[in-house]
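Residue numbers (the working numbering), protein chains in the order written: chain A, 1 to 766; chain B, 1 to 331.
A portion of the hints provided could be inaccurate.
Said to hold, decoys possible - Listed next, the in silico DSS-like pairs over lysine-lysine satisfying Cα-Cα at most 30 Å (straight line): (1) A/LYS652 / A/LYS638; (2) B/LYS28 / A/LYS17; (3) A/LYS638 / B/LYS292; (4) B/LYS117 / A/LYS652; (5) A/LYS123 / A/LYS457; (6) B/LYS24 / A/LYS711; (7) A/LYS271 / B/LYS292.
Claimed, not checked - Sample of chain A residues with no beta-carbon within 12 Å of chain B, all distances over it, derived: (8) VAL267; (9) GLY382; (10) GLY452; (11) ARG619; (12) ILE709.
Hints in this document: simulated from the structure, not taken from any laboratory. None of these values were measured; they are calculated from a predicted model. Beta carbons: idealized from backbone N, C-alpha and C, even for Gly.
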Amino acid sequence: MRVRKRNGDTEPVDVNKIVRAVERWVADLDEVDPLRVATKTISGLYDGATTSELDKLSIQTAAELIGEEPQYSKLAARLLASYVDKEVRGQGVASFSQCVRYAHGLGLIGDEVAAFVARNARKLDDAVDPAGDLRFEYFGLRTVADRYLLRHPETRLVVETPQYWLLRVACGLSRTPAEAIGFYRLMSSLAYLPSSPTLFNSGTRHTQMSSCFLVDSPRDELDSIYERYHQVARLSKFSGGIGISWTRIRGRGALIRGTNGRSNGIVPFLKTLDAGVAAVNQGGRRKGAACVYLEPWHPDVEEFLELRDNTGEEARRTHNLNLANWIPDEFMRRVEADGEWSLVDPSDAPELPDLWGEEFDEAYRAAEKKAVKTVKARDLYGRMMRTLAQTGNGWMTFKDASNRLSNQTGAPGNTIHLSNLCTEILEVNSDGETAVCNLGSINLGAHVTAEGVDWEKLRATVATAVLFLDRVIDLNYYPSAQAAASNPRWRPVGLGLMGLQDAFFTLRLPFDSERARELSTSVQEEIFLTALETSAELAREHGAHPAYPRTRAAGGDLHPDLWGAEPTQTERWAALRERVAAHGLRNSLLVAIAPTATIASIAGCYECIEPQVSNLFKRETMSGEFLQINTYLVRELKARGLWTAPIREQIKRAEGSVQGIADLPDDVRELFRTAWELPQRALIDLAAARAPYVDQSQSLNLFMSAPTIGKLSSMYLHAWKSGLKTTYYLRSRPATRIQQATVPVVAPTEAVACSLENPETCEACQ
Amino acid sequence: MLLDPGMDLTLRPMRYPRFFDRFKDAIKNTWTVEEVDLHSDLADLARLSPAEQHLVSRLVAFFATGDTIVANNLVLNLYQHVNSPEGRLYLSRQLFEEAVHVQFYLNLLDTYVPDEKERFEAFAAVENIPSIARKAEFCFRWIDSVFDLRQLSTRDDRRAFLLNLICFAACIEGLFFYGAFAYVYFLRSRGLLHGLASGTNWVFRDESMHMAFAFDVVETVRREEPDLFDAEMEQQVTRMLAEAVECEAQFAEDLLGQGVPGMSLADMRAYLEHVADRRLAMLGIAPIYGSKNPFAFMELQDVQELSNFFERRVSAYQVGVTGTVSFDDDF
């Protein structure tokens, strides 16, 4: 078999050459077998393949061995890094500053950053950590290489290495080289990452770095609706995720005075929004995404809940929109009391979207006299549950808790009308102001050892993170005038965390244990407290944010006070209060726990505050499919001599569950339960316990393999009663599955033998 | 007995509740073609190497008629002989699913092959592409083998019926389609053709159920009429699978003939042999090849998926959820 070199010559494939290329990277990977990678690579090759195809295939081959031995993930990542490196060097780039100059010449880098790097070239070039790429896992680096690294506009070749990318992001937000280098080191260590829009766009010519936009419902008129389509398209183009309310738009059958016609309701308009969102592709990196919020008294709520059904009239289905219910307490009370619920047209009660709490309750009761229709509250609630079970959508978010427990709603006229695409952002907005939030997440796993949390490191990370989240507000490019109007006034940021499950595994805490809850709460208190301290310090230097006098903090109430919570670090809180009283806060909101889907992959940790979904699963992304294996479990099993082919087989057969594997001790099985096997009450209770230290909200997914209306209605009632402001997806599992193709078949005769009547012959049950 | 001629209409007492359960499970898995978004595939198609483009065009040509053949056999040869109303419920459902698959592949070809002439050629693949024609001939021969049977009166009739059933479950759905899925998932593991792969996820899930149902029928008949299953039958099934492997291997030669890195012809053959052995194992018959699965990307299909909703539409939900509002259920 021969391969074609880059210069066109051919040569025979040389196993040893591949082995040597692999051996370069395995110094700390004792379980990796370079010869195995080499021979497997060659078996997938065809005669006359190019050396570039050979290189790519060796990466893929290493990645395919991850299921047997997780160390191959690091190997695949390193082979990929070296491939990327070759590609960059091949374009004449030998240093960071050269890279920035080259990319600037291609029109990819902003002028200011290019000048900053040119001025400080030597210092910045020296700061690049040659060992930085060794920390990546394969899935993370593949994602980085395919989507985050800048590419040549014509050749589509990658023009920056992963480390140059992180340093470029840092430079885009820094004023001095020392700042840039400090921030780069933090990101390169994977202990903290800003959200994707910042990672995509910092330092480039379009510095839209915010993740979330919360757009108020259009006014109940055609021009306003079409203005919103335009705004959504612009926000989406620059990588933002969008939440938009539709509650103010009149329902089907309502009178339109101008033409004396009847309205077709909200569905046709949402269908247009759906098409608009799908059409805007976020710079080729991902599809646009939006979530529509509706309050449950809207007359079209029942049709709204069917928008994601996969049967029925296509003209009334929106497959690209996410849906969320924005629920007042009054609705939940009537559900509990088995009362009636009135659907009221917003054109008859235009004040309702701006009211919450008792004011809403009164206005709603008055508006019920004009009800378009009356339903049983439980019937509607049941339909909401069905939508959740069948589509995962129709998220339950609670209007009154969201407003009552917010720093921004202290003065009249400021109302939170909706949450965002991922239900962790809660900010006031209005017709003329679109709320914006910049996000970033701490990798908690990187702050924990078997001895416990490294609190000092955590505080340092929070302080740096808040500084650079705040910086984004000033440097950001705002794609709409409404967004530019809101953000400088309120200066909200959303610092979250990821890798909570990593911390629990490292400390051997079952997810639903008392100690896990205590740890998660004290971590959250530490994060929030430090974030407030940092914001107060920024206020001392630069002044409080302009809307500060209208916040609850200005009246002396910090977020835990709104909950009536009793913090543990009383002295620090007392000192903080004094500083806030003296200088105010630079940011109206500080903490929001985002889903971190992509950045957790890059950091190689579990997503935000979620339990693991499985000990063995695959991720499907635009880059391909990736096997993910629980390395904590593998380590544990290796230590016990249980990481054997039959055990791997059993884990796979059980779709990543270890509950049925009799060879594992109870404590191992308890620790390594999956999200499907944990009581969901524990997830809700954990979220409620940390909530006093989350001044926005949390993207809380809930999991149920086989949902029923009864279970769901009990679960969401509990979530509401616990005071949670929002919940996110309901994850469930398909009713049927594909036939596994790679685990041994249990033949029919064996299956007959496995029966309760003749247990002595049954090996499977012993 | 299940294969006794007649038109049993009695659902209570139910003789084969397992068939009914399969029917209910299938309904929970309803999907529609509109849910599959193929538009991102077009950009990928333009990026493929000529060898990969050839692979895709042949694959698509096979899909164009594959499910139609299965649907025809179901109506012409299977439905009339499975004399159980609950079994027929499942088969009706299966027929609907085959129709959805046909529609999906129709949609796929309309999207992938914009040129009308080329599209017509793709649909005529069973006639003008030799590697597909050979697979079609194999199918038609087995359709014809029982086509004239109005009822299964003799032992030979029943064995002929069983062979047809096993052929469609183990060889056509269980091997030809499994082969085709491997190409799709290979491309998907390289980050290519997500639209095709997400539709295939649904199809694959359905086909797995069809196969499982067919094997249930085989097992039921085996329980009711064990003497139908003798050494001769085993030999026939083994020969049939070996022939199917050859059919599919010559198809692979056509698809991979131009060199596709990561998918060598030898590996594809080993995969097909491995799958064939599995089908035999499911029937309690000794394996022919003893080959191991060489494709790690197929192992990925055996584990739970987790999609980021930004990336793809998640396909892991159920329809037909039941129950009423209550506040004290365990969760």
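Interface-negative label, A/GLY452 against chain B, beta-carbon threshold 12 Å: 30 Å, holds
Given hint A/LYS652 paired with B/LYS117 - CA-CA distance at most 30 Å: 46 Å, violated
Hint consistency between B/LYS28 and A/LYS17 [alpha-carbon to alpha-carbon, up to 30 Å]: Violated, at roughly 53 Å.
Given pair status - A/LYS457, A/LYS123, alpha carbons within 30 Å: 25 Å, holds
Separation of A/ILE709 from chain B, once the least beta-carbon distance is taken, above 12 Å: 4 Å, violated
Agreement of A/LYS652 and A/LYS638 with the hint, judged by alpha carbon distance not exceeding 30 Å: 17 Å, holds
Exclusion check [A/ARG619 not at the chain B interface, CB over 12 Å]: The claim is violated: A/ARG619 sits with its nearest Cβ about 6 Å from chain B, within 12 Å.
Verdict on A/GLY382 as a residue remote from chain B, using beta-carbon distances over 12 Å: The claim breaks: A/GLY382 does not keep its Cβ more than 12 Å from every Cβ of chain B (closest is about 5 Å).
Straight-line alpha-carbon gap A/LYS271 to B/LYS292, limit 30 Å: The hint is violated at about 49 Å.
Closest CB of chain B to the CB of A/VAL267 still more than 12 Å away: Holds, since 16 Å exceeds 12 Å.
Pair hint outcome, A/LYS638 versus B/LYS292 [Cα-Cα no greater than 30 Å]: 25 Å, holds
30 Å Cα cutoff - pair B/LYS24, A/LYS711: Given that 30 Å is the threshold and the Cα spacing comes to 21 Å, the pair holds.
The earlier numbered hints that this structure contradicts are 2, 4, 7, 9, 11, 12.
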